[in-house]
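Put the two chains together into one complex; each comes in its own frame, and the hints tell you how they fit.
Quick note, the sequences are listed as chains B and S, same order.
The first sequence begins at 1063 in our numbering and counts up by one.
The second sequence begins at 1388 in our numbering and counts up by one.
Just so you know, these hints were derived from the structure itself, not from any lab.
All figures in this text were calculated on a predicted structure; none of them were measured in a lab.
Mixed in with the good hints, there may be bad ones.
Claimed, not checked - Simulated coverage check for chain S against chain B, where a stretch passes if three residues somewhere in it have a Cβ under 8 angstroms from a Cβ of chain B: (1) 1688-1694; (2) 1742-1754.
To be verified - Listed next, with one range per pair, are the computed distances between beta-carbon atoms: (3) S:Glu1487 <-> B:Lys1171: 28 to 34 angstroms; (4) S:Gln1713 <-> B:Glu1074: 40 to 46 angstroms; (5) S:Glu1828 <-> B:Glu1083: 50 to 56 angstroms; (6) S:Asp1495 <-> B:Glu1225: 36 to 42 angstroms; (7) B:Glu1225 <-> S:Met1388: 44 to 50 angstroms; (8) B:Thr1407 <-> S:Arg1517: 26 to 32 angstroms; (9) S:Glu1487 <-> B:Met1379: 40 to 46 angstroms.
What the hints assert, rightly or not - One side only, chain B facing chain S, incomplete, derived with CB under 10 angstroms: (10) Gly1148; (11) Phe1149; (12) Arg1465.
Ideal placement from N, C-alpha and C gives every residue a C-beta, glycine not left out.
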Amino acid sequence: MANYFNSLTLREQLAQLGKCEFMDPSEFADEANYLKGKKLVIVGCGSQGLNQGLNLRDSGLDVSYTLRQSAIDEKRDSWKNATENGFTVGTYDELVPTADVVLNLTPDKQHTAVVTEIMPLMKKDSCLAYSHGFNIVEEGMQIREDITVIMVAPKCPGSEVREEYKRGFGVPTLIAVHENNDPRGEGLAIAKAYAAGTGGHRAGVLLSSFVAEVKSDLMGEQTILCGMLQTGSLLCYDKMIEKGIDAGYASKLVQYGWETVTEALKHGGVTNMMDRLSNPAKIRAFELAEELKDIMRPLYEKHMDDIMTGAFSSGMMEDWADDDKKLLGWRDETSGTAFETQENTSDEIAEQEYFDHGILMVAMVKAGVELAYEVMTASGIKEESAYYESLHETPLIANTIARKKLFEMNRTISDTAEYGCYLFNHACFPLLQDFMKKQDADVIGRGMGLNDNSVDNQRLIEVNADIRSHSVEAIGTTLRGYMGAMKRIV
Amino acid sequence: MITFRHAEIKLSETFSLSQISWQINDGQCWAITGPNGSGKSALVAALAGEGELRSGQRDLGEANVAVVSLEEQSRLIARERQRDDSDLTDEINEGTPVQEMLDETCQDFELQKRLIDDLGLQPLLERGFRKLSTGETRKVLLTRALTSKPQVLVLDEPFEGLDVATVPRVAALLEDIAGSTTLIMSLNRLDEMPDCTTHAMRLESGAMSQQFECSDGGQAARLLGQISQIRSDIQLPPPETDIEVPLNADGTLVALNKARVAYTDNLVFENLDWHIKPGDHWQVKGPNGSGKTCLLNLITGDHPQCYVNDISLFGFKRGQGESIWQIKQYLGFVSTGLHWDYRLSVSVRNVIVSGFHDSIGLYQKATDKEKALADAWLELLGLSDRATDSFSSLSYGEQRVVLIARAMVKHPPVLLLDEPCLGLDEANRQLVLSLTDRICEEGATTLIYVTHHDEDKIHAIGNVLDLGNR
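Looking at chain S on its own, in the form it has when it is part of the complex (with noise of 0.2 angstroms):
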C-alpha cells in the first residue's frame, strides 16, 4: 500500500506538487492524466521517492518498485555515456549489448524469453543499447521493468512510441498482470488507457483536480475525456526572410536512389527510391525497427551512411563537397534523437531563436527581429510567461513543442517532423497538428512526417510511404 497524505512535495527549484492525497491498494490500477507540466511525470517521480517532502506524509511501503519513463531512459543512456570510455582508451566502445541489459534486472528467465519473442527483441540482443531506435528502446524499458517481478510497476505512457502492432500486445502484457501487480500509469491519450484500469485521476497545476472509481479504461477515459478542437484560427508569425530554395535537376526537393542502410551484423532497408517534389507532403510509417528514422537522418545527414548513397538535395549531390550547414539551412527538423541532444542550459526563447540558425544552443546574439519572432510563437504555444527559464525547466511535452516551433520558426523548404506529438497532452496534439496543417497550407514548406497514431492526421499528406510494405 502507498499512501500520500496533502503531501506537497519539491520536485526542483520551479516544480513543486501540492495537496496529493492518495492511496494505491495492493492490485489496484491506476491511470493519471492531465496536460503538458500538470506533474505527471513528477508524480511518477514522487512515487519512485524522489523530490523533498515540505509537509504532509508520503509512505511508500515497502514494495518492490519498476519504473519505466523517459527519466529512467535518461538515467541509462547517460550510465552508458559514462561507461563509454572510447574517450579515454581511444578505442570505439559499442556500448552494452540489450541481452546484457535485460538480464541486468530479471528475476523469470522464463518470462523473459516471452516477451522477447512476443515484442521481437530477437534480433536487437547482441545490439549496443545506445543504438536502438525510439520504439525499441521502450520494449527494452518495458521487458526490464516486466521480469523484474515488481510489485508495484509505474510506467511513464507505457504505449508512447510503440508501433500499431504492439500497442495490443503491451496491452494485452499489462492485463495479464493487472490484479496481481499493482499499476501506476500515465496517459496523455484517453483512447489508450487499458480495460484493466480501476481507476483514475487527473492532475492540473501540480494538484490533483479529480480521483475517482471506475469500470474500465473505456468509462475512465468518457469521465475525463475533454477533447480540444482543432483551431483554424490559427496564424502562424512571419519567416525571417523568405528562404529560396534551388531544386534538383529533376524538379525534386529530395530524391533518393536505391538508398541502403546496414549495419555488420544488421541491414536496415536496401533498394529503397523515394521522390518529393515541392508541396507533395509524405506520411512514413512503418513498425519499430524499420528505418523509419535512419530514413529520416539521411536526409538530413545526421546518419553517417548519407555519404555512401545516392542522394540529391537542393541542387546538391551529398559527397561532392557542400558542407551540411548548406544542406540544414533548407530545413527543420524535429526527432526523440534532437530532443535528447536538446540537453543544454538555453533560455526557452534562444531555443526557438537557434532554429534561424539550425544549431544547439545558440552562439550569436539574437537580433531584435529574431526575438520578436521568436515571441510571437511562444505566445502561440502558450508559454510567453516562459520566454526566459531555462529550457531544462520545461516539463517533456513543454518542451517538445518549443522544438517543434524551432522546426517552423524559418517556414523551412522541407519540415521532417518524427513522431511530434510524442509526449503531448491533447491540447498540445490538437495545437501542433493545427500548426502543421496551416504551415502545409501556407504552400512554402513540404512536410515528411511519421507518426504510429493514424488519428494525428495532417490533412495535407496525399502520399504515404510505408517502410514495413514496399
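Okay, chain B solo, but in the shape it has when bound (with noise of 0.2 angstroms):
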C-alpha cells in the first residue's frame, strides 16, 4: 500500500489540506432521515462505539454490533456492552453483508486487519465510516470502488458524547468524505446524517477531508499535545528538585498543574490562561514562552515536514513490522523516570497556586500550543483544524496526566501519538537544557513572592496586545462563539 496524499499532485494535496469549514446549522434540516430504515453496523464496542451505537439508536437509526468470533464465544466485555444494552450482537460473516453502512470504531493500529477481513464481506455499494483517517492516507488503503468512505468524528471523549446526546445536546465533530470513495455521490448526506444521529449537529459541525485530519492530529499530538507535555513534565520536576523543592510538591504540582492551567485554555484560549497570572508572572511567562518558542520552532518545522513527506509514518510502520522495538524501549525509559516513580505530597495545592508556582508550565502549553498552530497553518492546514488539533485537545490530554502521570498518558493515547511521543521528547529533552539551566525556583516551583506587584504600564500593553492579537485567539474565539450561540442557557 503506498502513502495516498503521496500520490496526489501539490494542487490535490493543497486543497485537501486547506478544508475545513464550520457548516451551517440550516444544513442539518433533515436531522439522520438519510439513514432511516438503512442498517447501521458497528465493529467495536468500546467507549467510542458503544456510546456513539447508542445515540444512533435513540435518534431512529437501527443499529446492531459486529465482534469477531472469539469475542462472542468468550462473552468478553464488548460482547457483554453490546447484548447488556439491547443490540443485536453477531459475527463479521453474519452482520456485515448485511449493513448499509460499517462504523469502523476499532482502534487506529486494527484497521487494515480489520477493513482487509470486512471489505469483501460489504454488500455492493455500501458504505465504510471511518473515525480517523490514518488507515486512509497514510497506510493507503485502497477500498473498493463501489464502497462510500466517509469519516465521522466527534471531537470529545465517548463518554460526553453520550452524556451531551441525553441532555439534548452534542459534542462538536468533524466529518469528510474520501473523495476517490464517494461513487453515488452520497457521502456527505450519509456523513451529515451519522453527525446529527450522533447529537453532533446541536454543537456545530465542521466540514473537512481526511487528509487534514490526519495531518494535523499526527501534528498536534507529537509536539503540543503529547510531546510537549511529557517533556515539560520531566524538565519542570528535575529543576524542582535541582533547586530543593520537596519531590513530593514538586510531582503533584507537575501532575495536576497541567490539567489546572490547560482548563483555564479550555474556556477562554491562551489569553485567559495567560490572565490568571498576575501582571509580573504574565510578563515573565510571556519572556519564556517568547524564547521557548525561538529554539523549538526548527523541531516542530521538522516534525511537521516529516509528517507531510509521510517519513513519520513509514519510520514508525517500520517498527511496527519490528515488533515494536522502539517503542517499547521508549515506553520502558518513561515509566522509571524520577518523576514517575516519585510519590505525591498529600498537601493541597489550591488551584491559584499551580498557576503562581507554575509560570513555566504555562509558558510551555501557550508556546506550545502557538507554535504548532502557526507551523500548522503555515503548512496549509486552514486555522479550524490547526485550532482543533492544538488549544482544543490539550486540556484532553492534561486530564490523562492528572490521572497516573505520563504512564497514563501514553498507555491511552494511541500507539501513533505513542510513538511520535516519544521522537519528540527525545529531540526536545536535550534541546532545552541550556535553557534549562538558566531557570530557577522562582518560574517552577516557589512562584516569584513579589511583595510588589507593579509593572511597567508599556510593557504590559504590550504584551497583553500580542498575546491577544494572535491568530489562535481569534479563531478560537469565532469557534468557541459558535458553539456558545448554541450553548446552554444558563
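Here is the structure:
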C-alpha cells in the first residue's frame, strides 16, 4: 500500500489540506433522516463504539454490533456491553453483508487488519465510516470502488458524546468524505445524517477532509499535546528537585498543573490562561514562551515536514514490523523516570497556586500551542483544523496526566501518538537543556514571591496586545462562540 | 463530645448557619428536623468539619465519625466516574463492585456478614456500585457506615428510599447501637422518628428554633409536630399549548407485552404485561431492586433494553425508526436518576422552562410565554425570589420540587413520578401531593407513581402494580 497523500498532485494536496469549514445549522434540517431504514453495523464496542451506537439508535436508526467470533464465544466485555444494552450482536460473516453502513470504531492500529477482513463481506454500493483517517491517508488502504468512504469524528470522549446527547445537546464533530470513494455522490449526505444521529449537529459540525484530519492530528499529538507535556513534565520536575523543592510537592505540581492551567485555556484560550497570572508573572511567562518558541521552532517544523512527506509514518510502520522494538524501549524508559516514580504529597495545592508556582508550565503550554498552530497553518492547514488539533485537545490530554502521570497518558493515547511523543521528547529534552540551566525555582515550584506587583504600563500593554492578537485567539474566539450561540443557556 | 458555641459557619456563597449552640454528649441520639432549605444537610456537613467557621466555636472532638448522606453518595458516585477510564482505554468499565465498597471501610467483618443478610445485599455483591438502584445504594452506604464502627454516626435521612420491609430492620439496627454510639439523624418525616431518640431540634433558615430532650421518638414527633393541610385551593398554571396525544391502536397510551429486563448475571423481571389507558392512574410498588425504576425507564426510553421489548406508546412501536425526542414530547418525568443528571449550572427558572423542551439544561432562548409560565410555577412553589439563582444553590428538597414543576409544566399526557417526595419536608410533601392530585383531576394527564409510603396518597389512583407480588 502506498501513501495516499504522496500520490496526489501539489494542487490536490493543498486543496485537501486547506479544507475545514464550519457548517451552517440549516444544513442539518433533515437531521438523521437520510439513514432511516438503513442498516448500520458498528465494528468495535469500546467507549466511542458503544456511546455513538446508543445515540444513533435513540435517533431512530437501526444499529447492531459485529464482533470477532472469539469475542462472542468468550462473552468478552465488548459482547456484554452490546448485549446488555439491547443490541443485536453477530459475527462479521453474519452482519457485515447486511450493512448499508459499516462504522469502523476500532483502534487505529487494527484498521488494516479489520478493514481487510470486512471489505470482501460488504455489500455492493454500501458505505464504510471511519473516525480517523490514518489508515486511508498514511497506510494508503484501497477501498473497493463501489463503497462510499466517510469520516465522522466527535471531538470529545465517548461518555461525553452520550451525556450531551441525553441532555438534548451534542459535542462538536468533524466530518469528511474520501474523494476517491464517493461513487454515488452521497458521502456528504450520509456523513451529515450520521453526525446528526449522534447529536453533533446541535453543537457544530466542521466539514474537513481525510488528509487535513490526519496531518493536523499527527502534528498536534506528537508536538504540543503529548510530546510537549512529556518533555515539560520531566524538565520541570528535575528543575524543582535541583532547586531543593520537596519532591512530593514537585510531583504533584506537575501532575495536576497541566490539567489546571489548560482548564483555563479551554474556557478562554491562551489569553485567559495568561490572565490567571499576576501581571509580573504574566510578563515573565510571556518572555519565557518567546524564548522557547525561538528554540523549538525548527523542531516543530521538522515534525511537520516529516509528517507531510510520510517519513514519520513509514518510520513508525517499520517499527510496527519490528515488533514495536523502539516503542517498547521508550515506554520502559518513561516508566522509570524520577517524576514517574515519585509519590505525591498529600498536602492540598490551591487552584491558583498551580498558576503562581507553575509560570514555566504556563509558558510551555503557550509556546507549544502557538508553535503547533503556526507551523500547521504555515503548511497549508486551515485555522479551524489547527485550532482543534492544538488548543482544543490539550486539556483532554492534560487530564490523562492528572490521572496517572505520563505512563497513563502514553497507555491511553493511540500507539501513533505515543510513538510520535517519544520521538519528540528525544529531540526536545536535550534541545532545552541550556534554556533550563538559566531557570530558577521562581518560575517553577516557588513562585516569584514579590511584595510589589507593579509593572511598567507600556510593557504590559505590549504583552497583552501580543497575546490577544495571535491568530489562534481569533479563531478560538470564533469557534467557541459558534458553540456558545448554541450552548447551554444559564 | 461535640460542641458548637454561637457558631456561624459559612457553607457556600449563598448559605450560612448562624447562632448554632449545641452540645452532643456521648451516647445521645439526636433528631434534626426543619423545612427544606433550613440547613439540615448543612448542619450535617458542619458536623463533618466542612464549612468555614466565621465566629463562635466548633469543637468536633477526636471521635471517629461516619456519615451517610446524599452528599456522601454523590461523592462516591463522582469518585466512580473519576476512576472510570472507559474513555481513555476505550474499554467499558463496570466500576467498583459492591463487595469492594463494603470492605473499604470495614472494621468488623462479622457485623458486615450479618448486615449483608439482614439487608438482602448478597445478590448485589458482584455488581458495580454505580449500577445499584436508589434503595440499594442507601443500603450499601448504611452497611459501610455501621461496619466502620464509628463513635459518632451521622445519618441524613436514614430511611429515605428504603422499602417497607427494610425500614423496620434499619430502625432495629439503630436501636441496637443507640447508647453505645452517638447518633445524629436528620429527618423529614416525623412519623419515622426512631424510639431511641433522646434529643430533638428544629432548624429554620439556618438557625436553631427549638431544642429539647425527650423520652422517645413519639414524644419528639408530637412536640415538633406541625401537620400541614392538603391545599385544595391550588390552581395549576395552564400548559403552553394543548398536546394532542396519539393513542396505540388498542386505545392505550402505553402497552408493554411480556416485558423482560435482564443483565448477564441477574434477571430483574420478565413476563410483565402492562397496559395503560388514558385516565387510568397507576401506582407502582415493590421492594428495593424489584425493578420499579427499570420499568419506568423502559417507558421513558432511558433504559437501553426498551429496544428489545415489545413496547408501544403514543402510536409508536419502539425500535421502528422513531427518535427518543418523539417519545419524550409526551412525557413528564422525575426520578433520583434525573435529579443526579441535572447537576448543571442553570438558573432555577430555566430548569422549569427546560420541561417544555425535554432537555437537561436549556439550549435555546426561553420565549416570554415560557418564562411567564415558569414564574407562575415558581410562585406556586414559593420560590419566586430564587428564579435567577443557580439551580445548584438550592437545597436537595428545593431542587426536587423544581424538578417536579419541570415535569408538570407542559401538562404531559403521561406523568411519571418515581419517589417524588424523596427528600421533601412536610409542607413540600403536601404541596407536591396536592399538585399531583390536581393535575390528575384536570384530565389531560395520566399518572404513573412510585412510592414506598402508603401515606403519600394520590386520590385519583385506581390501579396498583406490585412488582414484589405479581
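Each hint, compared with the structure:
{"no.": "1", "hint": "1688-1694", "result": "holds (count 6)"}
{"no.": "2", "hint": "1742-1754", "result": "holds (count 10)"}
{"no.": "3", "hint": "S:Glu1487 <-> B:Lys1171: 28 to 34 angstroms", "result": "holds, 33 angstroms"}
{"no.": "4", "hint": "S:Gln1713 <-> B:Glu1074: 40 to 46 angstroms", "result": "holds, 43 angstroms"}
{"no.": "5", "hint": "S:Glu1828 <-> B:Glu1083: 50 to 56 angstroms", "result": "holds, 55 angstroms"}
{"no.": "6", "hint": "S:Asp1495 <-> B:Glu1225: 36 to 42 angstroms", "result": "holds, 39 angstroms"}
{"no.": "7", "hint": "B:Glu1225 <-> S:Met1388: 44 to 50 angstroms", "result": "holds, 45 angstroms"}
{"no.": "8", "hint": "B:Thr1407 <-> S:Arg1517: 26 to 32 angstroms", "result": "holds, 30 angstroms"}
{"no.": "9", "hint": "S:Glu1487 <-> B:Met1379: 40 to 46 angstroms", "result": "holds, 42 angstroms"}
{"no.": "10", "hint": "Gly1148", "result": "holds, 4 angstroms"}
{"no.": "11", "hint": "Phe1149", "result": "holds, 8 angstroms"}
{"no.": "12", "hint": "Arg1465", "result": "holds, 7 angstroms"}
Of the numbered hints given earlier, the model fails none.
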